[in-house]
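J.: Residue numbers (my numbering), protein chains in the order written: chain A, 1 to 1067; chain B, 10001 to 10456.
Hints are computed from structural coordinates only; laboratory data are not their basis. Be careful, since some hints might not be right.
Lysine-lysine pairs mimicking DSS-like chemistry, simulated, CA-CA at most 30 Å apart [to be verified]: (1) K10093/B with K10402/B; (2) K10027/B with K584/A; (3) K493/A with K10027/B.
For clarity, every value in this text was computed on a predicted model and none was experimentally measured.
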Amino acid sequence: MENRNYLLLAVLLLAHVFGLHYAWGQTDGGAAISGTVYIMSDSLRSPNAFVNVRMLPSNSSVRSDGAGKFSFVAQPGDRTVIFSKVGFAKLEFSVAELLARKAPLSIFMDQDQKSIEEVNVSSGYQKLKQGAITGSVDVVDQELFNRTAGATVLQRLENITPGLLFNRGDAQSTDEFLIRGRSTITAEAQPLIVLDNFPFDGNLDDINPLDIESVTILKDAAAASIWGARAGNGVIVLTSKKGASDRVNVNFQSSLALQGRPDLYNVQTISSADRLEVDRFLYEQGHYAASFTGPYYNRPVPNFVELLAQGQGDMAALQEELSSIDVRDDLSRYFYQNRTQQQHNVSFSGGRANNTFYYSAGYTEDLGALVGQKDQRVNISARQNFGWDRGPKISMGLIYTDAKVTSGNNMGIETSASGRGFSPYADLVDANGNGLPIYSDYRKPYVDSVGGGLLKDWSYSPYDEIFRSANTENRRDLQANVSLEQGLGFGLKISAFYKFQFQQRLGKQEDFEDSYIVRDRINNFSRIDYARNSVVYNIPQGGFLLTNDNQRNVHQGRIQLDYHHSSADGRHSLDAIAGYEIRKLTDRGQQYQFYGYRPEIGGVNSTVDNLSYFQMLSSGATSRIGLLQGMSGGFDHFLSMYANANYSYQGRYQLYGSFRKDEANLFGVATNQKGTPLWSIGGGWSIDREPWWEADWARIKLRTTYGVNGNISRAASAQQTINFASSGRSHSFRSARITTPSNDQLRWENVRVFNVGSDVDFFNSKISGSIDYYVKNSTDLLARVPVNSTLGVQTVFANAANMQGKGLDLQLNTNLRLRGLNYRASLIASWNENTVTRYLMPVSSSGSTYLPITINPIEGRTLYAVNSFEFQGLDPQNGNPIGLLSGVPSSDYSALYNTTPLSELKFHGSAQPTFFGAFRNTFSYRDFEISFNLSYKTGYYFRRQSLYYSGLFATFGGHSDYADRWQDPGDELSTNVPSMVYPQNTNRDNFYSYSSALVERGDHIRLEDVLLSYLFRFRNASSVRVFANFQNLNMILWKAAPGKIDPYFNNVVKDRMVSTVGLSFSL
Amino acid sequence: MRIRLTTSILVLLFIFGCSKSEFLAQKPDLAMEVPSSLEDLRAILDDDNSLNGEDDEGCTPQLGESASDNIYLMDQNYVSNMRPQMQNYYVWKADPYDGVAVLDWIFPYRNILTVNTVLDVLSSNDYADVAQVRVLRGESLFHRAHMLFQLASVFAPIYYQGSNATERGIPLRLSSDINEAIRYSTVQETFAHIEAELLESADLLPESQLIKTRPSRAAAFALLSRLYLYTGNYPGALSYADSCLAIDRTLLDYNTLNASISFPFSSTGSHRHPEVLFSSNMLSGNAQSYPTRQLYARVDSLLYNSFAPGDLRKTVFFLNANPGQRFKGSYAGTSRHFAGLAIDEVYLNKAEAMVRLGDVAQGLAVLDELLRSRWSKGANYVPVPAAGQREAIAVVMQERRKELLFRGIRWMDLKRMIAEGESFVLRRVISGVEHTIGSGDGRWVWPIPPEVECFM
């Protein structure tokens, strides 16, 4: 019986697919047609109520009833029947085709993901229509997700959804991306990433975005609490593509992205002429005297100082000649390259009714901006769903990723063997393209003469070094998942899920025999026997190899019961789930270091004396050769149970509740304290469904939720634990140190989230949008708190801090159509700010603690606060920067830097944007489309860099503000850069670099991208989309701070525009 | 259908069948352990980095040495290389703390927590290896007593033949419970506890150990001798000095050293230095930059000049820093100051105790034995001339000062001299301003750090 139904259905579907074509152009009339409309891809086979059924060309229409039933009589001359409903893909049939089918007709409508009202939302545990949801959820459909051709999932999510903040520029070092701000101090702040029902425990860059069907972002407690203790920072749910059951589809996509070599001139570098002047000044001051005396006359000096010391030739002419060099020219030409990135992907999908498949293979190659950089990624994915109408449904998926990241010994403008940087007048490559040596570790005379030719060449030529080292990481990630579901009748369904993830990360740092790293170390550890004219090498000949291998195994299993019930009259509807989940993660790591590495014969030399102390040839200090070796192991165990229920009355009122309890292998905690219960409640009111609602054109829904999310930190422990070392400092017996003192009063972190929001849709989605206001109260945040140090520790991990975050997420869309022209626009806007409401740490008496931009929990302020010294201009007499000490102008820099209390620092605001969003515009005319996105970030601050004299004197480089420094009385009117004092006064430098003169507003609006595409349609329903993307335009339309600094590129190399061309072919 | 049901049941059994408590008991990190076995405890007590201050920070208090008359600072080092708190240490400021963590308090109590953990685990388990339990308990008690004694020497008044008995001593932290209520003991309680603990440890410990970072019975005897000397119990000091020397009376002949290298004891290293009984280093972090920091501290010039020409210590101990002399004679063989126990100190304890008990000639003979090993072979050693008890005491005290430089002992000796009734004034001049501390001053007891006081 079952099989017959199945066959019949398949035949009907086939008829549907092919029927369209031969039925075209026939005319029939006066025939009665009836049947039922169902929702496609819903395993419970729900009827689709209130579907509009329209006949053309007569334009008469009927609606399906609450049970999805419809019937009509086709008028003579009617050829076409259109089934439509908001939230579903329009279906078009010929009348002839419908008549040819056996009555009663079953029409399956596929859900359309474009409407806010009926979008299918996957929480990773269940699929719900957005209309039934009370929580705050953003859905990124495939069209939006594929708007740009970014190679990673994260690249494609930036600036398209509210509440999701990607920090750029200096702020990137705080948190890379956040959902609704940071709500914890010490625990993980990144959102939880879920891929196909389970948390993804790998590198996000390894996911092939072309295999992703949709992305759901769970923002509030009701939406996220189903994910339990790890959901305090929000959840990003990724759903892989599945085969659709009504068509066979082959898709091929290929794109090529090009990006010019980055702009090095964005790095504010002292001019060669100025640096030569500084070199001469320092030389004359005797700054480098120590380099020219003593047994170790090798302390490096700038090249010009070396020439001055030799004193041969016309120094003035030489200075003139050198001042025409800009080291960035060579760096840009020889160390950077044009970046090319190619992506190729092919997928096959299709199937019949209950049996679908999706196979894909992708290849991505990225030749990075730095010479020697190359990233490759291969993705293979397979998914098969099969099942029987009443029997079980089985789904199996396999995803394999092989990614390889390679780089040479090239850090571009940051390249420096010793941290002294490049002289701006350094010549790195000669006219014939050969690398030239620089002397940033040892002086040239030392390098030329030491060892009298017995040692290995000790010169360092950065350009030649690029390919003498190779740093590779090879990541392999295998994910296999199986799920099984079985209807049990009475609206019940039981399902079991299992996912296995195996990840291998093989890191390899190779320094080949001819590399400077190897030569330098071997030379330093050798002893010259002048009597015998020979050298004793204590490090074996050959290169160095350091391997770092990690494996991760994750087993995750879940068993879940679903219940669905609709009352016969359609007034009451209940969806509920309950389940039990287990998760076991095991990490293993090994690190090994080898000497005498010869890759050509695959050999290493393990006879290394790593216990003895040897005298370093270049300094006389003693050091061990050292052998990095180690093993590590980490284990993450979770047991969870959960339940939720969603009740709806007449589709008008919704009530939601959820509960979850997580237990983890928290160390040193009694079993009954290993868990935390989390819950949420929510309510929704679809006002437009009230009987008294008369404005047909407007649909409004209000919703609110409240709930508790959690967070854990593994750093805390309730029992005293120890960590082993294989030896002591002075002996070789095993030793152990107490790592965590006991604290049996530890609790889980707790984040209580209140959310109220509204979804609106006017004039049939011509205007739609949503707005959400939320308050996140984090309590019991784990932090280190001080205790009586007599106890033996100064601080313990305790639930000591509270924080409040609040904000607003707004999304406004419009979709206007005028003949063939379609304009779609989407404005997303977010406001988020956080305040530390309680912190038990004593406030340090010295404000200087709070100057670096890092987590600075100060009661009443934001977590990442930008503080500075009040800057009172420059002293007209001598160009000294002036600060305020207890309100009195002062230039006592030691006192200013060391004793200015926190209360006297100037508080600017947050280092992370507090207002941010984007405005996306898309115009399409027939099959041509053009789209551009503007973004803005405001309400935040960053610190500009400037001249730091201590650094100027200690390194070979410097900041271009040198040219603007105070030199003569009157300069203070036009500059804030202090005068030069020698010897340097570090506190004076610190005062200036942390002064308010250098804090800038980050606020700006920029044009992010412009995208063009054209769709060629072919008669056999296949099509080719050709597209061109122009991203990273870095076109700033407005900014608050004066000057030229782009807040995304604060004194670092600036990325250029990325131009991508590609085509996507589908048949 | 039956198969499907069976599968479901199997899945359910799998999930519920595992032991939940076992699953959740998995330790999250391989290198982590809740200490329980004797091997664990042995490893904890071998953490020389913290228990012996072998790391770059050291562990025994520097407050006494920084404030002692052994050192002086150049104005420029005082002004530009020291934070206000460290400057205050040097000039005996009554309210010295200025926001910098007082490691003199923190590190000793950190070590006490470590050994308390060992003691608590030992007492809550039954181990078969009773001999090993005795050693581990003995070492723990020794460490605790040593740290408490070091703390008491700077943060508590001297307990000299029963003086100050009811004054405020230091907290006796005797458990590993992080919620323990901390209270001060009296001076008498403090010293009685240290004495009892040392006596027990001497009973439990082996005569000597494989490495000098593990306390031995000889070290316990040496520390008892120091304790009795400090508390004015001279017969006790003599008796335990003798007990210690009966185990080991080795002296290093300084003629075997190369005095010209930057740290003459580095070739031997503190753990192979024959005179070291127990290794412990004074607080010395470069980041802290204490007045005792080897780079800055100059040795009192009168003291330096008091070394006779034939005395090898004059070259072994000192580095001409122009102006003045810096100290390079640490038994640690590095720029960190050795503040543990060594045989030379026991000789001096013995000599002093004998002199104070009236056996002047014998006492000075002991002193001669020590000094001969310090004397150049080329120069003729002239024994300390016979003298009356009063002069002999002065000679021995001066020899203690000369031999035990930068070991944290001078501060204790000064306090003891005051208790013996001597009166003197120490002076320092910084930027033309004179600072003094007299023998009647209350500042010989360092105040309790405010971050501790606020919890008491």
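J.: Just to be careful, I want the Cα atoms of K10093/B and K10402/B compared with a cutoff of 30 Å; is the pair within it?
T.: holds (26 Å)
J.: For a C-alpha distance cap of 30 Å, please report whether K493/A and K10027/B respect it.
T.: This hinted pair is violated, its Cα atoms lying about 37 Å apart.
J.: Can the restraint linking K10027/B and K584/A be considered satisfied, given a maximum Cα separation of 30 Å?
T.: Satisfied, since the Cα-Cα distance of roughly 12 Å is no more than 30 Å.
In this structure, the one hint that does not hold is number 3.
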